[in-house]
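Asker: Sequence:
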Amino acid sequence: MTDIRLFQGPELLDHAVALHSVYVDAFCAPPWNEDAEQAIEFLGSLRVAVRRPGFTAALAFGGREVVGFATAWTTLAPFPTDRCYPRAAAGLGPERTVDWLCGAREIDELAVRPQAHGTGLAADLLEAVAEDAPDGRSWLLTSLRSPRAMSFYRGQGWTQATHPSPDGEGIVVFLGPRHPAGALAAQPL
Numbered sequence: 037m038t039d040i041r042l043f044q045g046p047e048l049l050d051h052a053v054a055l056h057s058v059y060v061d062a063f064c065a066p067p068w069n070e071d072a073e074q075a076i077e078f079l080g081s082l083r084v085a086v087r088r089p090g091f092t093a094a095l096a097f098g099g100r101e102v103v104g105f106a107t108a109w110t111t112l113a114p115f116p117t118d119r120c121y122p123r124a125a126a127g128l129g130p131e132r133t134v135d136w137l138c139g140a141r142e143i144d145e146l147a148v149r150p151q152a153h154g155t156g157l158a159a160d161l162l163e164a165v166a167e168d169a170p171d172g173r174s175w176l177l178t179s180l181r182s183p184r185a186m187s188f189y190r191g192q193g194w195t196q197a198t199h200p201s202p203d204g205e206g207i208v209v210f211l212g213p214r215h216p217a218g219a220l221a222a223q224p225l
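In terms of our numbering, the sequence shown opens at residue 37 and continues consecutively.
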């Protein structure tokens, strides 16, 4: 049986070694193919993330072992310009970016160990960090490199809000199932 626990701040860092291990299992293999340096960078970014407004994390424990996690926070205004944010803003346009994403719960990471794939754990973790999103407004970015991730989010009722060319290199914005703008998102041709 898996136990999901929520964390709201720096106390999450007590589990940093376990989170790093899950991150490596999830993202240092295809299709993500991250390297050891990127996995170390994750730990550094986590130390910053736990201090963000609205930070929340869900950890899944199988006994004493962490078998998955999700992290999220409130997207601030003005909309950030680092990481992949400019590509998200370009896909939505300035007005929708502010209206749909600023002040919403941004899901940053979702990772489960390979042996937990197909068990519903990822869905439970995603719901745990999105369920109390302000006015139901949650969103995330993912890469076209992973058709499996794209299919997973659609299967959880998330709406794809941007539609870059299918060259395998772009990122897409998904709006959570209770996001009021979900019905306004342009559907693919």
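It is worth saying that the hints were derived from the structure and are not from the lab. Just so you know, these numbers come straight off a predicted model, no measurement behind them. Where is the CB? At the ideal position from N, CA and C, for every residue including glycine. Check before you lean on any hint, since a few could be wrong.
[Said to hold, decoys possible] Label-pair restraints from in silico Cβ distances:
(1) Gly154 - Gly193: 17 to 25 Å
(2) Arg123 - Glu167: 34 to 42 Å
(3) Trp68 - Pro116: 18 to 26 Å
(4) Pro46 - Thr155: 13 to 21 Å
(5) Val84 - Arg123: 18 to 26 Å
(6) Met37 - Gln223: 35 to 43 Å
(7) Arg123 - Gln223: 36 to 44 Å
(8) Asp118 - Pro150: 17 to 25 Å
(9) Pro150 - Leu49: 39 to 47 Å
(10) Ala159 - Gln74: 33 to 41 Å
(11) Thr38 - Pro122: 23 to 31 Å
Asker: Compare the structure with each hint and give your call.
Answerer: Hints, one by one, checked against the model:
At roughly 18 Å, the beta carbons of glycine 154 and glycine 193 sit within the given window of 17 to 25 Å. Between arginine 123 and glutamate 167 the beta carbons are some 27 Å apart, a value that contradicts the proposed interval 34 to 42 Å. At about 22 Å, the CB distance of tryptophan 68 to proline 116 agrees with the hint of 18 to 26 Å. About 29 Å separates the C-beta atoms of proline 46 and threonine 155, a value inconsistent with the hinted range of 13 to 21 Å.
Range check, valine 84 to arginine 123: about 21 Å between beta-carbon atoms, so the 18 to 26 Å window is met. Between methionine 37 and glutamine 223 the CB atoms are about 39 Å apart, so this pair conforms to the stated range of 35 to 43 Å. Our hint of 36 to 44 Å for arginine 123 and glutamine 223 is violated, since their Cβ atoms are close to 20 Å apart. Between aspartate 118 and proline 150 the C-beta distance comes to about 30 Å, which lies outside the given range of 17 to 25 Å.
For proline 150 and leucine 49, the hinted distance range of 39 to 47 Å is not satisfied, since their beta carbons lie about 25 Å from each other. Between alanine 159 and glutamine 74 the Cβ separation comes to about 25 Å, which falls outside the hinted range of 33 to 41 Å. Under the hint 23 to 31 Å, the C-beta atoms of threonine 38 and proline 122, about 37 Å apart, miss the expected range.
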